[in-house]
Amino acid sequence: MSPMSNLAHHHTAYHPRWYRRRMSVWWWLKDRAYMKFVVRELTSVFVAYFAVLFLWQIRAVTQGPDAYAQFMGRLKTPLFLTANIVAFLFVLYHTITWFNLTPTAMVVRVRGKRVPDTIVAGSNYVAWLIVSVIVAWIFTRGI
Amino acid sequence: MPPTIALDVIRYRPEQDAEPAFQTYEVPFRDDWVVLDALNYIKDRLDGSLSFRWSCRMGVCGSCGMMVNGKPKLTCAAFLSDYLPGPVRVEPLNYFPIMRDLIVDITDFMRKLTKVKPWIIRDQVWPLEEGEYRQTPEQLDTYKQFSQCINCMLCYAACPIVGLEPEFVGPAAIALAQRYNLDSRDEAAGERLKILSDHAGIWGCTFVGECTQVCPKHVDPAGAIQQFKLTAALDALKSFLVPWGTR
Ligand code: SF4
Ligand code: FES
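Quick note, the sequences are listed as chains A and B, same order. Mapping the first sequence onto the numbering used here, position 108 (from 1) lands on 231, and the numbers just tick up by one. Mapping the second sequence onto the numbering used here, position 193 (from 1) lands on 175, and the numbers just tick up by one.
One should not assume that every hint holds.
Taking lysine to aspartate or glutamate pairs in the EDC-like style, the calculated list, with each CA pair at most 20 angstroms apart, reads [stated by the list, open to error]:
1. B:Lys99 / B:Glu173
2. A:Lys153 / A:Glu164
3. B:Lys53 / B:Asp19
4. B:Lys126 / B:Glu169
5. B:Lys53 / B:Asp(-10)
6. B:Lys176 / B:Asp217
7. A:Lys199 / A:Asp189
8. A:Lys236 / B:Glu120
9. B:Lys126 / B:Glu114
10. B:Lys126 / A:Asp240
11. B:Lys99 / B:Glu149
12. B:Lys53 / A:Asp154
13. B:Lys25 / B:Asp14
14. B:Lys199 / A:Glu164
15. A:Lys153 / B:Asp(-10)
16. A:Lys236 / B:Asp123
17. B:Lys211 / A:Asp189
18. A:Lys153 / B:Asp19
19. B:Lys97 / B:Glu173
20. B:Lys211 / A:Asp240
21. B:Lys97 / B:Asp87
Derived coverage of chain B by chain A (criterion: at least 3 residues anywhere in the stretch with Cβ under 8 angstroms from a Cβ of chain A; other residues may be distant) [as the list claims (entries may be wrong)]:
22. 80 to 88
23. 198 to 207
Hint data in this document are derived by calculation from the structure and do not stem from the laboratory. If you're wondering where the values come from, they're calculated on a predicted model, not measured in any experiment. Ideal placement from N, C-alpha and C gives every residue a C-beta, glycine not left out.
Looking at chain A on its own, in the form it has when it is part of the complex (with noise of 0.2 angstroms):
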C-alpha cells in the first residue's frame, strides 16, 4: 500500500487531518520588516557595550589618574575607535527606532484630544537635543 492511500484510510469526515507548517529558523530573513524588527532588537547589544564601557572608565577614575590616562589612551586606538564609531551608529538606530514608537505606547490627551503622533515623538529629540546641551556645556566649561 502507498502512503498516499494510507493517508486516504485516515482521513474522514470526523478525523480531520490538519496540515501545520513549520516555522523555521530564518523566518526572520523572510521579511524584510522582521528583519528590521530584528536589528533593532540587536542594537541593544550595543547599548549594553556601551554601558560596560562607561563602568569600565569608572573604575579607572577610581584607580587614579594613571589608570585613567592609560584607559583614555586605549580608546585612541584604532581598534577601539572603529568599535566606538560602529558602535555608536547602532545606538543611533536604537535610540531612533525606539523613539518614533513613543507614541504608538503612549496616548497623551489634553483636554480630551490625543496629541498627534509628531509631538509625541518629538518631544523625545527635544528632550534629547536638552541634555546634549546641558552634558556639552558641563564638558567645555573647564576648557
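Following the hints, put chain B with the ligands in place on chain A, whose structure we already have.
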C-alpha cells in the same frame, strides 16, 4: 485574446495530499478584479474543488483573509492590478493549521478571544428603570478605534510570536481586551490585567509592529498592547510604592 494573469494557489486535500503544494491557474485579468474574484472564477469555471472562505466581498465580514505574495490581505480588497504581471501567490493565513486548501482552523483564535472576557463587566448592574449607561463622545473616542476589529486574523498571520509561541493570546484579542478596559461602562480592567499579565499575554509581545501594518481596519493592535503594558507597569509600580493603596 484578452490578457490573463497567473495565480499560484496552495492546494491541500487531506484525503489525498501528504502536504500542501502550489497549483497554477490562468485567469482573465480585469482592472476591477480583486484576488477573491479570481479565486471565484477558478471555482466557477476551472476547478470546483478549490476551497476558500468568503462572504461579504466588501471588507466587513473578515472571512477572506489569505497570504497574497507572502503578506496577509483581505482578498476582497487586494486588487489584481497591484500584483502585475503576476503570478500572484495565494496561500492560507500563516501560523494557522490548514484544514483544506486556503481554509485554516480558527478554533484556537476563538478560544483566545473569549479568554480576555470581551464584554462589559460591572460590579453592580443597574436596574433597567435607571436607564442606559451614558457615555460622552470623548469617552467613546478613547476606545472606538479598538472596537473596529472584524476578526479577520490578518494580524495573527503577521505576528512571528503567534508562530513561535502557540499560547500567545495575540494582537486582536489583546486589542479587544483594551477596548473593554477603556470603556467607561466597564469595571473589569483589573480582572483582564490578571489574565493577560504573563508571557502568553501582553509580555509575550516584543513589539514587532506588523499587526498594525496589516490591519485593514486601522485598529492598531500593536498600540493597544504597548498601552496595556504601560498601564500594567504603572499598576505594578503603584502597588509596590503604596501597597496599602490598591484596592
Ligand atoms: S485587529 Fe485588525 S488585523 Fe487583527 S483581526 Fe482585527 S481587524 Fe483583523
Ligand atoms: S469577503 Fe468579507 S472581508 Fe473579504
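Here's how the hints hold up against the structure:
1. Among the hinted pairs, Lys99 of chain B with Glu173 of chain B is consistent with the structure: their alpha-carbon atoms are about 9 angstroms apart, no more than 20 angstroms.
2. Annotation: proposed proximity of Lys153 of chain A to Glu164 of chain A holds, straight-line Cα distance about 17 angstroms (limit 20 angstroms).
3. In summary, the hint linking Lys53 of chain B to Asp19 of chain B is supported, as the alpha carbons are separated by about 18 angstroms, within the 20 angstroms threshold.
4. Between the alpha carbons of Lys126 of chain B and Glu169 of chain B the distance comes to roughly 17 angstroms, so the proposed pair stays at or under 20 angstroms and holds.
5. Simply put, Lys53 of chain B and Asp(-10) of chain B have alpha-carbon atoms about 14 angstroms apart, close enough for the 20 angstroms limit, and the pair holds.
6. Between Lys176 of chain B and Asp217 of chain B, the direct Cα distance comes to roughly 11 angstroms. Compliance with the 20 angstroms bound is thereby established for this hinted pair.
7. Simply put, Lys199 of chain A and Asp189 of chain A have alpha-carbon atoms about 16 angstroms apart, close enough for the 20 angstroms limit, and the pair holds.
8. A hinted pair counts as satisfied when its Cα atoms are at most 20 angstroms apart, and Lys236 of chain A with Glu120 of chain B qualifies at roughly 8 angstroms.
9. Among the hinted pairs, Lys126 of chain B with Glu114 of chain B is consistent with the structure: their alpha-carbon atoms are about 19 angstroms apart, no more than 20 angstroms.
10. With a C-alpha separation of about 18 angstroms, the suggested pairing of Lys126 of chain B with Asp240 of chain A holds against the 20 angstroms cut-off.
11. Distance check on the hinted pair: Lys99 of chain B and Glu149 of chain B sit about 17 angstroms apart at the alpha-carbon level, within 20 angstroms; holds.
12. In summary, the hint linking Lys53 of chain B to Asp154 of chain A is supported, as the alpha carbons are separated by about 9 angstroms, within the 20 angstroms threshold.
13. Restraint check for Lys25 of chain B and Asp14 of chain B: the C-alpha separation of about 18 angstroms stays at or below 20 angstroms, so the hint holds.
14. Of the supplied pair hints, the one linking Lys199 of chain B and Glu164 of chain A is violated, its CA atoms being roughly 28 angstroms apart against a limit of 20 angstroms.
15. For the proposed pair Lys153 of chain A and Asp(-10) of chain B, the alpha carbon gap of about 19 angstroms is at most 20 angstroms, so the pair holds.
16. The hinted pair formed by Lys236 of chain A and Asp123 of chain B meets the criterion: a straight-line CA distance of about 9 angstroms does not exceed 20 angstroms.
17. Pair hint Lys211 of chain B plus Asp189 of chain A does not hold up; C-alpha atoms about 47 angstroms apart against a cutoff of 20 angstroms.
18. Taking the CA atoms of Lys153 of chain A and Asp19 of chain B, the gap is near 28 angstroms; set against the 20 angstroms cutoff, the hint is violated.
19. At most 20 angstroms may separate the alpha-carbon atoms for a hinted pair to count; Lys97 of chain B and Glu173 of chain B meet this at roughly 11 angstroms.
20. The hinted pair formed by Lys211 of chain B and Asp240 of chain A meets the criterion: a straight-line CA distance of about 19 angstroms does not exceed 20 angstroms.
21. As the CA atoms of Lys97 of chain B and Asp87 of chain B are separated by approximately 18 angstroms, the hinted pair is consistent with the 20 angstroms bound.
22. Three residues within the 8 angstroms Cβ limit are the bar, and the region 80 to 88 of chain B against chain A gives 3, so the coverage statement holds.
23. A stretch counts as covered by a chain when three or more of its residues have a beta carbon under 8 angstroms from one of that chain; for the region 198 to 207 of chain B and chain A the count is 3, and the coverage holds.
Hints 14, 17 and 18 from the earlier list are contradicted by this structure; the remaining hints agree with it.
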